[in-house]
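Using the hints, position chain B against chain A.
Protein chains: 2
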Amino acid sequence: MTLIRSWVESANQPAGDFPLNNLPYGVFAPAGAAPRLGVAIGDYVLDVSAAEADGLIVLTGGPLLDQPFWNPVMAAGPALWDQLRKRLIALLAEGSAFEAAVAPHLSPRAGVTLYLPFRVAEYTDFYAGYHHAVNVGTMFRGAENALPPNWLHIPIGYNGRASSVVVSGTDVLRPWGQLKGPNDEAPRFAPSQRFDIELEMGAIVGTPSVSGKPVTVAEADEMIFGYVLLNDWSARDIQAWEYQPLGPFQAKATATTISPWIVTRAALEPFRIPTPARQKPLLPHLAEPKPMLYDIALEVGLQPEGAEETIICRTNYAEMYYSAAQQLAHHTSSGCAMSTGDLLGSGTISGPVKESRGSLLEMSWGGKEPLTLAGGESRSFIADHDTLVLRGAARGEGYRIGFGDCSGKVLPALADPYAR
Amino acid sequence: MTLIRSWVESANQPAGDFPLNNLPYGVFAPAGAAPRLGVAIGDYVLDVSAAEADGLIVLTGGPLLDQPFWNPVMAAGPALWDQLRKRLIALLAEGSAFEAAVAPHLSPRAGVTLYLPFRVAEYTDFYAGYHHAVNVGTMFRGAENALPPNWLHIPIGYNGRASSVVVSGTDVLRPWGQLKGPNDEAPRFAPSQRFDIELEMGAIVGTPSVSGKPVTVAEADEMIFGYVLLNDWSARDIQAWEYQPLGPFQAKATATTISPWIVTRAALEPFRIPTPARQKPLLPHLAEPKPMLYDIALEVGLQPEGAEETIICRTNYAEMYYSAAQQLAHHTSSGCAMSTGDLLGSGTISGPVKESRGSLLEMSWGGKEPLTLAGGESRSFIADHDTLVLRGAARGEGYRIGFGDCSGKVLPALADPYAR
Numbered sequence: 001m002t003l004i005r006s007w008v009e010s011a012n013q014p015a016g017d018f019p020l021n022n023l024p025y026g027v028f029a030p031a032g033a034a035p036r037l038g039v040a041i042g043d044y045v046l047d048v049s050a051a052e053a054d055g056l057i058v059l060t061g062g063p064l065l066d067q068p069f070w071n072p073v074m075a076a077g078p079a080l081w082d083q084l085r086k087r088l089i090a091l092l093a094e095g096s097a098f099e100a101a102v103a104p105h106l107s108p109r110a111g112v113t114l115y116l117p118f119r120v121a122e123y124t125d126f127y128a129g130y131h132h133a134v135n136v137g138t139m140f141r142g143a144e145n146a147l148p149p150n151w152l153h154i155p156i157g158y159n160g161r162a163s164s165v166v167v168s169g170t171d172v173l174r175p176w177g178q179l180k181g182p183n184d185e186a187p188r189f190a191p192s193q194r195f196d197i198e199l200e201m202g203a204i205v206g207t208p209s210v211s212g213k214p215v216t217v218a219e220a221d222e223m224i225f226g227y228v229l230l231n232d233w234s235a236r237d238i239q240a241w242e243y244q245p246l247g248p249f250q251a252k253a254t255a256t257t258i259s260p261w262i263v264t265r266a267a268l269e270p271f272r273i274p275t276p277a278r279q280k281p282l283l284p285h286l287a288e289p290k291p292m293l294y295d296i297a298l299e300v301g302l303q304p305e306g307a308e309e310t311i312i313c314r315t316n317y318a319e320m321y322y323s324a325a326q327q328l329a330h331h332t333s334s335g336c337a338m339s340t341g342d343l344l345g346s347g348t349i350s351g352p353v354k355e356s357r358g359s360l361l362e363m364s365w366g367g368k369e370p371l372t373l374a375g376g377e378s379r380s381f382i383a384d385h386d387t388l389v390l391r392g393a394a395r396g397e398g399y400r401i402g403f404g405d406c407s408g409k410v411l412p413a414l415a416d417p418y419a420r
Numbered sequence: 001m002t003l004i005r006s007w008v009e010s011a012n013q014p015a016g017d018f019p020l021n022n023l024p025y026g027v028f029a030p031a032g033a034a035p036r037l038g039v040a041i042g043d044y045v046l047d048v049s050a051a052e053a054d055g056l057i058v059l060t061g062g063p064l065l066d067q068p069f070w071n072p073v074m075a076a077g078p079a080l081w082d083q084l085r086k087r088l089i090a091l092l093a094e095g096s097a098f099e100a101a102v103a104p105h106l107s108p109r110a111g112v113t114l115y116l117p118f119r120v121a122e123y124t125d126f127y128a129g130y131h132h133a134v135n136v137g138t139m140f141r142g143a144e145n146a147l148p149p150n151w152l153h154i155p156i157g158y159n160g161r162a163s164s165v166v167v168s169g170t171d172v173l174r175p176w177g178q179l180k181g182p183n184d185e186a187p188r189f190a191p192s193q194r195f196d197i198e199l200e201m202g203a204i205v206g207t208p209s210v211s212g213k214p215v216t217v218a219e220a221d222e223m224i225f226g227y228v229l230l231n232d233w234s235a236r237d238i239q240a241w242e243y244q245p246l247g248p249f250q251a252k253a254t255a256t257t258i259s260p261w262i263v264t265r266a267a268l269e270p271f272r273i274p275t276p277a278r279q280k281p282l283l284p285h286l287a288e289p290k291p292m293l294y295d296i297a298l299e300v301g302l303q304p305e306g307a308e309e310t311i312i313c314r315t316n317y318a319e320m321y322y323s324a325a326q327q328l329a330h331h332t333s334s335g336c337a338m339s340t341g342d343l344l345g346s347g348t349i350s351g352p353v354k355e356s357r358g359s360l361l362e363m364s365w366g367g368k369e370p371l372t373l374a375g376g377e378s379r380s381f382i383a384d385h386d387t388l389v390l391r392g393a394a395r396g397e398g399y400r401i402g403f404g405d406c407s408g409k410v411l412p413a414l415a416d417p418y419a420r
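Protein sequences, first through last, are from chains A and B.
For the first sequence, our numbering assigns the number 1 to the initial residue and increments by one for each residue that follows.
For the second sequence, our numbering assigns the number 1 to the initial residue and increments by one for each residue that follows.
Keep in mind the hints are simulated off the structure, nothing from the lab.
Each hint should be verified, as a subset may be incorrect.
The list treats identical chains as one, so a pair stands whether inside a single copy or across any two.
[As the list claims (entries may be wrong)] Think about it this way: if two alpha-carbon atoms lie no more than 25 Å apart in a straight line, the pair counts; the simulated SDA-like pairs of lysine to any residue are:
hint : residue 1 : residue 2
1    : Lys-409   : Pro-35
2    : Lys-213   : Tyr-115
3    : Lys-290   : Pro-187
4    : Lys-213   : Val-167
Only chain A is shown next, with the shape it has when bound in the complex:
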């Protein structure tokens, strides 16, 4: 696949996140205006509701783009998604007859505010990266019991908290929680000292499914509208004390940050790759009928306040043992209905080497091997005022499909969370 050239010149730069091949969907507001649907193209955002109002976009079923969230488009299904994408390519391609009509609806991206691109219905987080599961399992249960017995048969997941999902750029307040170290006599309520990231991808459900009707992996793939980068902020000390027997709860409820642009399944199509070889055969209803992972290079930057950024992780979405389609199929296996706007976190994406681990818990091996940053500081977990940034891109010939930064700065815990 090669670059599709656009009359928006900045979209033709090989290092840019948003060539015409990408066309990711976001919600933006020009200065002083209300949030509206937009598409990133080069250094600009196209106001698609304005383009629709002008008659430049005409969708089957009537106007659909004058909205504060992409959910109505997501619910409309793959045929409409395809129609909209084709029309946007026609409007923005080099030589398009519509350049003069479209140009007034472009705003420089640098000047706009970005919002959550969709209303999150429910949020599910998985634990489907092999190296992450082995690393965490080894730390907590020893190397011989690292993988739980079900892990190679089920994409293990748990329900998260949709109200905690925020868009890139939102500050994150260090949480308070119940903490109890192995040698403490009793728990105490205090700010988390082991606050961490999890580098993940998020898959977004477009078309819903029906209660009582499990979907196949192939059907699940068709239901997915697109992908974002996802940072599942995790308080490891809260998690250690609370998670038995029913899983993480408040440890994961402070915030989950997603990147602001939904990169569509269509844009990622050229980058499909299969999941790794199975270590045990999967039951037929979870088998991949075609490649459903994507080759997306990922990195994490950590920037202390006023200091330079250090890239602390480089990995790839290809490290997942299960694809989002497999996770979604499993999610419906009991008859659970999926909704437009459901968000599925992949699980932490760690690679096989130390430099490719997707959480500080793994990078610092539970705090025993602190990282040294470019400026000389060291970190086992996040310090106050650190900014953490996830970045990702699929790389074609002369272009890349980028996601935009997934960033958050950690602010100190409140002195007294109950002060009024």
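Chain B alone, transformed into the frame defined by chain A:
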């Protein structure tokens, strides 16, 4: 507290669920009409949107009752809740001058269809009943390790699936899932053979909280709009194989049934009781500043197809170790924002004796001690075509505050869930 008499004569019967003291909120549709907000009174439902349209109800801030869900009223907060309740009592009390004006807006309850009374934002389920935790812990880990070490310090909870919540009367399809017995070599995908109930109460969040701001137990109590009965259908065989290390997922995703009427906090006020004596002191942010549990008698009926019903459990909400207010306060402790329409399941409410256990898992002790039903059949878990009914009521002098049945019939699993 004694009965408040109504001119609706059936509301004055001591055995009825819906005296004027109750005034629970539901969503109903008369034959052929659209769902609308209603209040149960005796054998009738009052159409409150019609009453508002007639000028019989005037709420501060303008009309609010022409809705298909109670969420807008729930979001409006305690002052408006109080205003509406006082007005309804004035309209319906014996001797009210409004009898002639109100009477045309009553429909016989027997002739209406009931819907989910509110749009469920997110659903959280707790594990906060002491006897249930001890019973299940003893079965799974032995008597000496029955309670996890955190249990007496934290109301343990996990996020559930809001899309699975259905109203009483909805049939429940026996789920398929991955099953693996301890002696099986590999898992298989098959219908659950150990499908179960969990007798719970559900607390419904009215006023939301803000991200980053934990709420106190007293504030949490004020946020609760009301309560319902809740049956958290659970596939024990799916749960046993999937739940380590991140908790139950598909085992609890088939359905959660709630009773159709939201019984308000105001109606339950006379029945407040404290939680049981603490076995270990709680951290201050979780302590109850006043009684926040309720004395609500509960029972479960099991009716095989075409046979008589057997009451298989009698217990009381008073058996909980943590109140809903304590659970809600804990839920926000990490800064997690709560939303209007969040539903919090109490956890299974088992009492100290065998006849008071709130799940078949406990009643049959994991299938080792099957129950004998009135008609002579035996049960370890639910059989196809069984109807399970939860009932509950707080009992005053000469009246009861009932919830209406929380009922569901289990239908056989699909022969092939992937047949299209």
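Structure-based check of all given hints:
1. Lys-409 with Pro-35: Answer is within: at 23 Å inside a copy they meet the 25 Å cutoff, but 46 Å across does not.
2. Lys-213 with Tyr-115: Answer is between; shortest inter-copy Cα gap is 21 Å, intra-copy 33 Å.
3. Lys-290 with Pro-187: Answer is between; shortest inter-copy Cα gap is 23 Å, intra-copy 49 Å.
4. Lys-213 with Val-167: Cα proximity of Lys-213 and Val-167: across copies only (19 Å, versus 32 Å in one copy).
When held up to the earlier numbered hints, the structure conflicts with none and fits them all.
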